[in-house]
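*Asks:* Let's have the full structure, built from the sequences with the hints guiding it.
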Amino acid sequence: MPGTTSSDRRRGILAAAGYLPHWRLDRSSIAAVLGGNQGRGTRTVASYDEDPLTLGVAAARNALGSAPGAMPSALWFATTSPVYAEKTTAPIAAAALRLGADLLAGDAGPGLRGASAALRSALRSGDESVLVVAGDVRTGMSGSPEERDGGDAGAALLVGDESAGTLVAEHLGSASVTEEFLDRWKAPGELRMHAWEERFGQQRYADLAGRAWEAACKDAGVQPEQVTSVAITGPHARAGAKLAKGLSAAGVDVVDTLGSTVGFSGAAHGPLMLAHLVETASAGDVVALVSMADGADVFLFRVTGEGTPASAPVGSQLTAGDDSLSYAKYLQWRGVLPTQPPNRPEPARMSASAAARRSDWKYGFVGSRDRSSEAVHLPPARVSFVGGTVDDMEPVAMASTTARVVTFTVDSLAYSPSPPTVFAVCDFDGGGRLPIELTDVEPDDVSIGMPVEMTFRRIGTADGIANYFWKARPAVGGTS
Amino acid sequence: MTSHGIKDRVAIIGMGCTPFREHWEASGDDLMVDAVNDGLASAGVAKDDIDAWWLGTAQSGMSGVTLASPLKITGKPVTRVENYCATGSEALRQACYAVASGAYDMAAAVGMEKVKDSGYQGLNAFPIPNDGTQRTLTAAAMFSLVAPAYAERYGVEPEKLRRTLARIASKNHANGAKNPRAQFRREMDVDAICAMPAVAGMLSVFDCAGVADGAASAIVVRAEDAHRYTDKPIYVKALSFVAGDGSGLLDPEFDYTHFPECEWAAQDAYSQAGITDPRRELAMAEVHDCFTPTELVLMEDLGFSARGEAWKDCEDGVFDLGGELPVNTDGGLKSFGHPVGASGLRMLFECWLQLRREAPDDRQIETVERGLALSHNLGGYPGEMVSFVGIWGNEQG
Chain S
10 MPGTTSSDRR RGILAAAGYL PHWRLDRSSI AAVLGGNQGR GTRTVASYDE DPLTLGVAAA
70 RNALGSAPGA MPSALWFATT SPVYAEKTTA PIAAAALRLG ADLLAGDAGP GLRGASAALR
130 SALRSGDESV LVVAGDVRTG MSGSPEERDG GDAGAALLVG DESAGTLVAE HLGSASVTEE
190 FLDRWKAPGE LRMHAWEERF GQQRYADLAG RAWEAACKDA GVQPEQVTSV AITGPHARAG
250 AKLAKGLSAA GVDVVDTLGS TVGFSGAAHG PLMLAHLVET ASAGDVVALV SMADGADVFL
310 FRVTGEGTPA SAPVGSQLTA GDDSLSYAKY LQWRGVLPTQ PPNRPEPARM SASAAARRSD
370 WKYGFVGSRD RSSEAVHLPP ARVSFVGGTV DDMEPVAMAS TTARVVTFTV DSLAYSPSPP
430 TVFAVCDFDG GGRLPIELTD VEPDDVSIGM PVEMTFRRIG TADGIANYFW KARPAVGGTS
Chain D
11 MTSHGIKDRV AIIGMGCTPF REHWEASGDD LMVDAVNDGL ASAGVAKDDI DAWWLGTAQS
71 GMSGVTLASP LKITGKPVTR VENYCATGSE ALRQACYAVA SGAYDMAAAV GMEKVKDSGY
131 QGLNAFPIPN DGTQRTLTAA AMFSLVAPAY AERYGVEPEK LRRTLARIAS KNHANGAKNP
191 RAQFRREMDV DAICAMPAVA GMLSVFDCAG VADGAASAIV VRAEDAHRYT DKPIYVKALS
251 FVAGDGSGLL DPEFDYTHFP ECEWAAQDAY SQAGITDPRR ELAMAEVHDC FTPTELVLME
311 DLGFSARGEA WKDCEDGVFD LGGELPVNTD GGLKSFGHPV GASGLRMLFE CWLQLRREAP
371 DDRQIETVER GLALSHNLGG YPGEMVSFVG IWGNEQG
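Protein sequence lines correspond, in order, to chains S and D. Every letter in the first sequence is one number past the one before it in the working numbering, and letter 15, counting from 1, is 24. Every letter in the second sequence is one number past the one before it in the working numbering, and letter 21, counting from 1, is 31.
The set of hints was computed from the structure by calculation and includes no laboratory data. All values reported here derive from a predicted model rather than from experimental measurement. All residues carry an ideal CB built from backbone N, CA and C; glycine is no exception. Keep in mind that a hint or two might mislead.
Anything over 10 Å on all C-beta distances counts as not near chain D; from chain S, calculated [unchecked claim]:
{"no.": "1", "residue": "Val-42"}
{"no.": "2", "residue": "Tyr-57"}
{"no.": "3", "residue": "Gly-120"}
{"no.": "4", "residue": "Gly-149"}
{"no.": "5", "residue": "Thr-175"}
{"no.": "6", "residue": "Met-202"}
{"no.": "7", "residue": "Asp-228"}
{"no.": "8", "residue": "Ala-292"}
{"no.": "9", "residue": "Ala-337"}
{"no.": "10", "residue": "Arg-343"}
{"no.": "11", "residue": "Ala-357"}
{"no.": "12", "residue": "Glu-383"}
{"no.": "13", "residue": "Val-395"}
{"no.": "14", "residue": "Ser-409"}
{"no.": "15", "residue": "Glu-462"}
If the Cβ cut is set under 8 Å, some of the chain S residues that face chain D in the computed set are [unchecked claim]:
{"no.": "16", "residue": "Thr-416"}
{"no.": "17", "residue": "Ser-421"}
{"no.": "18", "residue": "Ile-457"}
*Replies:* Pasting the structure below:
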């Protein structure tokens, strides 16, 4: 068996999952508007109500579905496109995932290397388990390489000791190298990505990746030819070419990094590729991630063939989705094309204290069930609508419960970042009703009786406050 | 529930109602002054004869000072009330109970809403700080939820139901065209309404109430005093009100084809008034046609049609001006718009005119000999609403 762990305890990945948003932009639709060569295939597109945090939460829900009861003592959230500057966003993810209060929830970033930093730190931490979450919305100016080659995605890795669950992939070793050089940069909030001459960054990354690879193999006690497959990711498509060529020659399968279906999803791309590698590997395979991001980080794992795979593998999400999104709507969603809002009052900002009182409901989608009548109350209530019992309710988590449409409407007048608003009265399997907004759906595709599932979304923004709550979307199973 | 009612103990002796318009030139104060002056003149009384006042306004002012200050009502109890879109009726309800209790000899109810100063189309509720999980649909969309549910439950083809809803709007527009106080005075045929683009579900803007400013007033006294002021007092036969507990939003049993709050309010009102067959005992009804599906299901909730039959009755003209039971003879919210605080009293004003045979000839109902009229308000949304039902008569029982 290649590689030995550096200590007695086996540590690695307990659960891994990616999340690809429903919408895809066919690159030919960019060319149809802007002309020129905009490449082939599609890129993934976060809907107007998704942001890096919701993408990450969707992936983490997918991952934690394979590790029920996991209560990590730390959650790291990584993105290059943060929701807030001053405020930490990871606690929002912790609340949506219902991880309780006894953990550290911190942001690893902003920056391209955040997820690698969090993963390395998690693998070497003394915490029994740590959740690494990444989400990114890659936007650039119209006609930019970031727009064409970028993709929006979320990914999550639950890292821990085997005492915390079943390892799906055992950590064999890893290494990082760092040198300061300027390749790509953006000021906070800036739309445009700036880049130094490509060849400078390519050559620096090629050198760094090679050095990190050697160091990681040494750390793991693994020879390159013992590696089954490797994903080499980074902002430059060509930067890993030299390493890839060498590894191919050694018989390592250098996997496609999803450029023609997803695009480069920034801070999320490394963990996304790792989740994809683990899902597609066989028991005993050694898989490697090479992540080039202001330095280079290499991680080597042996896939165990044990544990529960994510209910929505990256592979199945690649072939799902809707690529009918128009380029104009994509630009509107990203704010690149300023669009006239409806002449209605803008929604008021949420109340911080009201939201804090109802954190379980707002973020966790936890209602209450009347113990005597078993009637489910959404939102939770103190007095039952059946029998009027007072303060005899237990919490009931509803985020993973599917529901069916009872009646619905399409509202072209309501204020929405992307009108019209599709809305339905939904009855949950096993009890409970909520009139709620639908998303990831075309108005004409809604029907009475349609099954829906819950998804955590950004409802809107007011006074700089990102307001999150849940919506329903056509049931696809397990991904959001 | 014990609801004794105050049948025939209180009478209305005067009313005023402004035209409902986009009153760009008139303030809410102006509208209240006009509506009150018309009401006082109608009753032949002076401002100082009124012992107590109730003002209904949802969002155009707070406290009784909103009315007392522009009218210079001095040293009197003036109370502002709010109860969603039943706000105008709520003011009247309070005034009636105040007189019935013996606390005052003469009370006035005033309703006013100045909607058109907001700068936005439609009605826009002021935001109450909340946790950010509230739905943000328009009222049109919330009521449009009724249409597919009704079609599904009763097996009505959606295209057929669409035309039925348009017929309701067309009927109300036809009535409003005959009413100089109405905001919209143009007849609209069913085909024209169906051709309009949908704004919420299957509803177009012509399925929605208009938006207007307006005010109305009513003056009430004890029934035994009424003939000192008028030969044709209108007696209060029933006042009922139900605030829903919101369980329709929680309870999978609620199917969006009826409004229980309205059924309960109607049953209570009929019980107070001694009515057992409303379709044949009532001369007319003014109902809260905020959106066409609302009027459709109200015909069933108020007991005018059997369950699942209202759409046929609407098609058969049962509720037309010359029909078996004329509904919204003044044009309804459809033609008047909906200045929230004023609408309930505007409905009562039409009952007042019709029961006193003072409506213009071209819309005077032929059923007036039945002597009883109903007015109905609701506010809120399907599953979570308030409902008022009042019954008025031109004879003391």
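*Asks:* If we take the beta carbon of S:Ala-357, is the closest beta carbon in chain D still more than 10 Å away?
*Replies:* With a cut-off of 10 Å, S:Ala-357 comes too close to chain D, as the shortest Cβ separation is near 4 Å.
*Asks:* Is the Cβ of S:Asp-228 farther than 10 Å from every Cβ of chain D?
*Replies:* holds (47 Å)
*Asks:* Verify this label for me: S:Met-202 is non-interface relative to chain D, using a Cβ-Cβ cutoff of 10 Å.
*Replies:* Per Cβ check, S:Met-202 is outside 10 Å of chain D; nearest 32 Å; holds.
*Asks:* Using the nearest Cβ pair, does S:Ile-457 come within less than 8 Å of chain D?
*Replies:* holds (6 Å)
*Asks:* Would the least Cβ to Cβ distance between S:Gly-149 and chain D come out above 10 Å?
*Replies:* holds (30 Å)
*Asks:* Beyond 10 Å on every Cβ pair: is that true for S:Ala-292 relative to chain D?
*Replies:* Given a closest Cβ separation of 44 Å, the condition holds.
*Asks:* Double-check S:Ser-421 for me: the hint is only fine if its C-beta lies closer than 8 Å to a C-beta in chain D.
*Replies:* holds (5 Å)
*Asks:* Run the C-beta distances from S:Gly-120 to all of chain D and say if the shortest one exceeds 10 Å.
*Replies:* holds (29 Å)
*Asks:* Run the C-beta distances from S:Glu-462 to all of chain D and say if the shortest one exceeds 10 Å.
*Replies:* Non-interface label on S:Glu-462 holds, nearest chain D Cβ at 18 Å vs cutoff 10 Å.
*Asks:* Regarding the hint that S:Thr-416 lies at the interface with chain D, is the smallest CB-CB distance below 8 Å?
*Replies:* holds (4 Å)
*Asks:* Beyond 10 Å from every Cβ of chain D: is that where the Cβ of S:Val-42 lies?
*Replies:* Nearest chain D Cβ is 27 Å from S:Val-42, so the label holds.
*Asks:* A cut-off of 10 Å on Cβ-Cβ distance, and S:Arg-343 was said to be off the interface with chain D. Does that hold?
*Replies:* It holds; S:Arg-343 is separated from chain D by about 22 Å at its closest Cβ, greater than 10 Å.
Violation of the numbered hints given earlier is confined to hints 11, 13; the remaining hints are satisfied by the structure.
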